[in-house]
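There are 2 protein chains.
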Amino acid sequence: MESGQPNSAAADKTQNSSVPPVEGVAGGGTSYGWVDGGLQASSLGNGAIDPTKIHSADLLHVWSMPSTANVSQQEAPRPLEHVNLLAARNERESFQIALRPKVSWATSGIAGSVQVQCTDLCSSAGDRLVVGQSVTLRHVVPMLGVPDALVPIDPLNSQINLLPGETSAIWVSLNVPCGQQPGLYEGEIFISAVRAEAESRGESLTKSERYQLYKELRNCIDITEPRDYSSSEEMVQRLTSASTTLRRMLALPSFQDCEENNGLGDMMDEDIMNNVAVRLKLSLTVWDFTLPLTPSLPAVFGISETVIEDRFCLEHGTKGWYDALDHHFRWLLQYRISPFFCRWGDSMRILAYTCPWPADHPKAKEYYSDPRLAAYAVPYAPILSSTDAAKNSLRREVEILKSEAHWSKSYFYLWDEPLNLEQYDVICSISNELRSYASDVRILTTYYCGPSGSELAPSTFEAFVKVPNVLRPHTQIFCTSEWVLGTREDLVKDIVAELRPDLGEEWWTYVCMGPSDPQPNWHLGMRGTQHRAVMWRVWKEGGTGFLYWGTNCYEKAMIPSAEICFRRGLPPGDGVLFYPGEVFSSSHEPVASTRLERILSGMQDIEYLKLYSSRYGREEGLALLEKTGVYLGPDRYALDHGPIDVMRGEVAIQEKESAYSTSGRGTMIASH
Amino acid sequence: MESGQPNSAAADKTQNSSVPPVEGVAGGGTSYGWVDGGLQASSLGNGAIDPTKIHSADLLHVWSMPSTANVSQQEAPRPLEHVNLLAARNERESFQIALRPKVSWATSGIAGSVQVQCTDLCSSAGDRLVVGQSVTLRHVVPMLGVPDALVPIDPLNSQINLLPGETSAIWVSLNVPCGQQPGLYEGEIFISAVRAEAESRGESLTKSERYQLYKELRNCIDITEPRDYSSSEEMVQRLTSASTTLRRMLALPSFQDCEENNGLGDMMDEDIMNNVAVRLKLSLTVWDFTLPLTPSLPAVFGISETVIEDRFCLEHGTKGWYDALDHHFRWLLQYRISPFFCRWGDSMRILAYTCPWPADHPKAKEYYSDPRLAAYAVPYAPILSSTDAAKNSLRREVEILKSEAHWSKSYFYLWDEPLNLEQYDVICSISNELRSYASDVRILTTYYCGPSGSELAPSTFEAFVKVPNVLRPHTQIFCTSEWVLGTREDLVKDIVAELRPDLGEEWWTYVCMGPSDPQPNWHLGMRGTQHRAVMWRVWKEGGTGFLYWGTNCYEKAMIPSAEICFRRGLPPGDGVLFYPGEVFSSSHEPVASTRLERILSGMQDIEYLKLYSSRYGREEGLALLEKTGVYLGPDRYALDHGPIDVMRGEVAIQEKESAYSTSGRGTMIASH
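Line order of the protein sequences matches chains A and B. Numbering-wise (UniProt numbering), the first sequence opens with residue 1 and increments by one. Numbering-wise (UniProt numbering), the second sequence opens with residue 1 and increments by one.
These are calculated hints, taken from the structure and not from any lab test. Treat the hints with care, since some could be wrong.
Remember, identical chains collapse to one label, so a pair may be satisfied in a single copy or spanning two.
Unchecked claim - When the alpha-carbon atoms are kept at most 30 Å apart in a straight line, the in silico DSSO-like pairs for lysine-lysine are as follows:
(1) Lys215 / Lys402
(2) Lys53 / Lys556
(3) Lys319 / Lys402
(4) Lys363 / Lys391
(5) Lys627 / Lys656
(6) Lys493 / Lys610
(7) Lys215 / Lys53
(8) Lys53 / Lys319
Here the structure is a predicted model, which is why all the values come from computation and not from measurement.
If we strip away everything but chain A, and leave its shape as in the complex, we get (with noise of 0.2 Å):
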């Protein structure tokens, strides 16, 4: 019979041998002594744990996790370890500390609650990485049971609570800026076990004691008022009175312990750093070299409009709405991102714009210099009203920008992924339009398949690559959909045989729905590195641009702090790269997701490659993505973070012998 099979479950049970068990060498008692700790009561006194007077490295696990690594709240402790990054100027660079309590020392619901303190990273030659500038502590809230928010962590109150069985994670994020001196940065971050909050507060006074204490100080008050006093008995039975009024204040509970201390207070917290913390060390080697202020390669993202209209209750064009998208805007560059603000219309239409003031206003010339702006949207206002004075203001945008040195930047994206040619011809009129006020005008237009309802090709796919053929000149950033290629590298060649590069046309790539797992994209739940190798793809494919469709494209909501809902029919994550502050706290400033920090990393890999390009060519540092294992296709990359280091390092390394065997100077990659 089936069940009596060796190899079943039951049988399994008494073949445990291989593990010393205490208990029993089997059943029951399997491997019972197996995971001890080590840890003894004795160790830590009898009765409640105080935190301030054990070592926190028996209350609970520290270790540091890469920032490609999505720590679920069941992550299994590992050794904790020296970190050691690399990092250019105007880098930012992210790893995470793991912790898991390894008993409860809070008395209520938490396992306990422990600060966090970090030292400012320092050089031999006196220079700095400044704690709340240059570095910065988040801490990694799970949405849909994922670790991807990033919320701040106050550096005057950075207590964490962690739970029961609980692994928490804190992302530490340190910024390079670009006048950095180069050279080794050597820090320590603290972890020390404390007393949750809500305890200490335990000492302090209850609402009600505090209340009591208030009418017996009124009363004293009363007593002790300057007044004609009939007698000096009258006097001597006041002062008496005030006495015990005063004493009886005294004995309340919650001043015990002021006697205890006799005024010295609590270990200071050095004092407690020193003796109990669990000790991080850190080390940052900062190269010799800067990332481009530009990033090398535009990548443009949606914001949209509408959603933070709705969720911040704001009125169109009010000074609100212009403060809120200001926030935005300038919030996103930080990510090597050129942001665009968009509105749906029918059928795909779409407003999409960079700035919201119009070009004479002068935040205009502002958000288009702005050297970290690659690619900026201008408003094709028609689109939605086509009305005379849309069509007139639409012109003078126009012939105001294209005199600007930054027009090379523009682009109009007026419709995403037309699909017949009804809506080719709209495309083509307001390219007619748009021209005959600036003949170098860029047009940018996403799709995934060719016009339905033309005999453009035999095959869908061929039908897809001839699009150019029909949307030349209304269209010269090109920008197809990653999902069409699949895993087939290859079909690249057959799409930019088409374009006509002297014309200044584009390849540009983009990501949405698809394509889906095991591909790169941003969905919650993929791998960190599957995130982070949607930028190394759009750099082996070779695209010179990348449009992503909306950071802030969550369900509708009319209040700030609402839950946070995904669409229905997207896939989880799709469409949202940060969440507004107040879901998390009381705070206005959007919350990253991981997934954000990933694509910045990807952005700056962008840069190392290309880097390590301009000195090798571009074979060589294809063969360096290869050889190193960060990516060779669609389907195969990296899982774990070891070989981006690798590649990183070996650009860094190849970088500072070159520039010492050339001029012994730093690099700067590129203007700024």
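The hints should help you fit chain B onto chain A, whose structure is shown.
Relative to chain A, chain B alone:
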């Protein structure tokens, strides 16, 4: 090309036309505005949300779930409905309240706090089920990400923190005492969003303020203390000085709101409940019959003595050790479980005993006579050290016990799953010894296969079935693993056919590592009905008792609050039905798992089925189990809760009608 097919992901993206969108019909705008809570900031006021001024229904979702639901953090909200429960006397019925924030109203880290308050349940006749005694609230806490631990909620401080985007659950249990009047009991549970503790703390005194206050009070006492005053002037001066100091104290920011509230304090709790709380109406019908105090089916469950000694750092035989065992014994009795303590020796030798005190100790009588105990293990001390003293003490134990009325509940459990004839020989030799002390001794032996090295039968299953032939008369309780049966219920008759009921032989069963999904067992991550179905299976198969190897068999630790780790090689949750309270709070009370509660429910279901069968016959009982869809076989049983209530309701109604037609009075199922 395959990527151009209309069934692919990107094509789907444009075909979502059944969803009425607000923004565009497809693509980036897909379905925006489809899920619109309708909540608007205007109704919540601008800026920070004050939960005392807004109806909690605007701030969070509240809905009920049955006790067999595993309410995960991703559980989606449902409509809030009136909760209707049915219970006999001496029964516990439970359900869950699920909570999920719609918005965040706290200012840091969490979405917000809620307060859960429950009224007594009252009948129209004025009878009551009192909160805290008959009505309890516990917070469902995940273990390895699965909702399992039921951490008691302090009735005086019933605050739960909700996290953004996460569903939390509260386990509500109604315990109907034996003497409760039958009838309809009604009550309400009020769930109100409140300010988080950490925030109201902002209003109370900080440590430094408190210390300042302390110094000022001491100073003031010095000023006012009775003494011989040199003059009236001195007294006036002292009074003035005291008054000034007191005014300075009253000016502390912490006392500002005492002033403003003018002593009236906050809105009264009751007002909050009436005005802003979500109200969950709760009805319980208490039937006019009583579950027997003594479980009809003895379910003997192991408690590892070793685990208790290690985790609570108790030396064997000390007062603390006896207290801990006593505490565990009495705590488990409430689950209709007959506990035995156990310690494993070599080769699955096991020392099992229900009472840690010798038979002549007053506690022994208290333990063994407890009507809630259906069976008890008598320690066979020589199993671990076969000294003369141990043998003599054993003989004395048996001599005392065999004359007691409770002797019929006794059994010896000597060996866990003997595997070869050598081990069988040990059992036989002990049996010979024991039967020389008492001829009617009952020995329980667990097994899942025949002895290796014997030529008992040609097939594995036949060898298993023939075990009674080898162990007779050295075993009376043949306790076999459900895993052996697999889904072949029909094999039961083969097992039973080999037994000699005339010699007092019984068939019991057990589950441990096996059987695995989809069969019933108590592993973490199985469905709630799958947990409950273990007892349905036992009743349907007709075994007369049940054994479970361990209730506290987690990994070794030497600190009460150490993290719970499941043992290597065992499925998560196997052998662990409750947790040490110290892991979750300062309480020493064990924390039940949802699985333990479902075991109790299953044990209660057995009483319902037995009651029904005692009136209508076992065949009708089996038909009821089947026709309601509760349990048809090891891989066919209710996946959702509905059928359970139908079956229980049917039993109760039949019982009511039958009781009414015969005697008009309530029925007591069994003696106590």
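Going through the hints against the structure:
no.: 1; hint: Lys215 / Lys402; verdict: neither (72 Å within a copy, 70 Å between copies)
no.: 2; hint: Lys53 / Lys556; verdict: between (49 Å within a copy, 24 Å between copies)
no.: 3; hint: Lys319 / Lys402; verdict: within (28 Å within a copy, 90 Å between copies)
no.: 4; hint: Lys363 / Lys391; verdict: within (22 Å within a copy, 96 Å between copies)
no.: 5; hint: Lys627 / Lys656; verdict: within (20 Å within a copy, 79 Å between copies)
no.: 6; hint: Lys493 / Lys610; verdict: within (20 Å within a copy, 76 Å between copies)
no.: 7; hint: Lys215 / Lys53; verdict: between (38 Å within a copy, 27 Å between copies)
no.: 8; hint: Lys53 / Lys319; verdict: between (53 Å within a copy, 29 Å between copies)
The structure fails to meet hint 1 from the earlier list, while all remaining hints are met.
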